[in-house]
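A.B. asks: Let the hints inform the model, and build the full structure from the sequences given.
One line per chain: the protein sequences are A and B, in this order. Here the first sequence is numbered in our numbering, starting from 1 and rising by one per residue. Here the second sequence is numbered in our numbering, starting from 90 and rising by one per residue.
Read the hints as simulated data drawn from the structure, not as lab findings. Fair warning: this is a prediction, and the values are worked out from it, not measured in the lab. Treat the hints with care, as some may be off.
Derived pair list, reagent style SDA-like, types lysine to any residue, alpha-carbon separation capped at 25 Å [what the hints assert, rightly or not]:
1. B:K229 with A:F21
2. B:K227 with B:S137
3. A:K45 with A:I19
4. B:K95 with B:G192
5. B:K229 with A:L28
6. B:K229 with A:E25
7. B:K272 with A:F21
8. B:K227 with B:A197
9. B:K272 with A:S67
10. B:K180 with B:N241
11. B:K272 with A:Y56
This is what each chain is made of:
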Amino acid sequence: MCNNCNNCNNRNNCDDYAIPFATWELRLYLNTHPNDTCALELYRKFCTESQEKNNYACLPNNDCNPSRWSWTDDPWPWEVQANRPAWEE
Amino acid sequence: MWIYQKQLQYPVRITQTNPRLAKAIITQYGGPDGELSASLRYLSQRYSMPYAEAKGTLTDIGTEELAHLEMVGSIIYQLTRDLSPEEVVAKGFDTYLVDHTTGVYPQAASGAPYTAAYIQVKGDPITDLHEDMAAEMKAKTTYDNILRISDNPDVNDAIRFLRQREIVHYQRFGELLRLVQDKLDSKNFFAINPSFDK
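C.D. replies: Here it is in structure tokens:
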């Protein structure tokens, strides 16, 4: 799976819908497979390439941990820890 | 919070109008197994989920269902453009038009307005995930039914995409369910609610 898109000759024909969608699919998959480095690598590759196109699937500051997916880490917005100001930690 | 990207997840380009078909498809906008139900259900269930993977997946899939809601609304809008009064009456669209003109209103195909009674947020992760898997299957079946009654290729193209996404979401919820079950104490398999009991 990792090499499919690397070897694809059709990249220039991937229009504005295909790449954002593929990125989103990877993101959903990574939520339940956070340690799949192959998928993570492909996700980051798509995000770097489509940065300028405002790709809805790409999260900012997602490069912190290179070996796993960290979007699902706690805390979440509705939890108290997420709403304390930084200086209060 | 949400950021809005001004583009549909998958394009909707319908050339041939069909108000009768619109009255059926509107059930995926405001009906029991439609996209509004799905998004509200998942975005509401996520608060009582105890595990990060569940919070993330419910947030993401709930968000994607909002994008699908937008697609279904677009289909309804495009199917009901430029209608003549004769066409409205002939296609059985008059009963909708008197109340909503050609606006897009969240109702089922029967005309019943949307209600939260279509969803449940039981607050128990295993219970909720079972409901979510059922919800995805119900949505898929509804799309199957739409494909049975529609001969409009532009409509069917968008509907097939939406139907495929239901199958994928079913897969993701299945993985989540297995993940949550693995994390539970095997002695208290049905008694424990990890969101509530400690």
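A.B. asks: Is the straight-line distance between the alpha-carbon of B:K227 and that of B:S137 25 Å or less?
C.D. replies: 23 Å, holds
A.B. asks: Hint check: B:K272 vs A:Y56, CA-CA at most 25 Å. Holds or violated?
C.D. replies: Given that 25 Å is the threshold and the Cα spacing comes to 32 Å, the pair is violated.
A.B. asks: Keeping to a limit of 25 Å between CA atoms, is the pair of B:K95 and B:G192 held or broken?
C.D. replies: 20 Å, holds
A.B. asks: Is the hinted pair B:K272 and A:S67 satisfied, with a Cα-Cα distance of at most 25 Å?
C.D. replies: 23 Å, holds
A.B. asks: Keeping to a limit of 25 Å between CA atoms, is the pair of B:K227 and B:A197 held or broken?
C.D. replies: 14 Å, holds
A.B. asks: Is the straight-line distance between the alpha-carbon of B:K180 and that of B:N241 25 Å or less?
C.D. replies: 15 Å, holds
A.B. asks: Checking one constraint from the list: CA of A:K45 to CA of A:I19, max 25 Å. Satisfied?
C.D. replies: Judged against 25 Å, a Cα distance of about 11 Å means the pair holds.
A.B. asks: Are the Cα positions of B:K272 and A:F21 separated by 25 Å at most?
C.D. replies: 31 Å, violated
A.B. asks: Quick one, are B:K229 and A:L28 close enough, alpha carbons at most 25 Å?
C.D. replies: Roughly 19 Å between the alpha carbons, so the hint for B:K229 and A:L28 holds.
A.B. asks: For B:K229 and A:F21, compute the direct alpha-carbon distance and say whether it is at most 25 Å.
C.D. replies: 20 Å, holds
A.B. asks: Taken at face value, is the distance from the CA of A:E25 to the CA of B:K229 at most 25 Å?
C.D. replies: It holds: about 18 Å lies between the C-alpha atoms, which stays within 25 Å.
This entry does not satisfy hints 7 and 11, going by the numbered hints stated previously.
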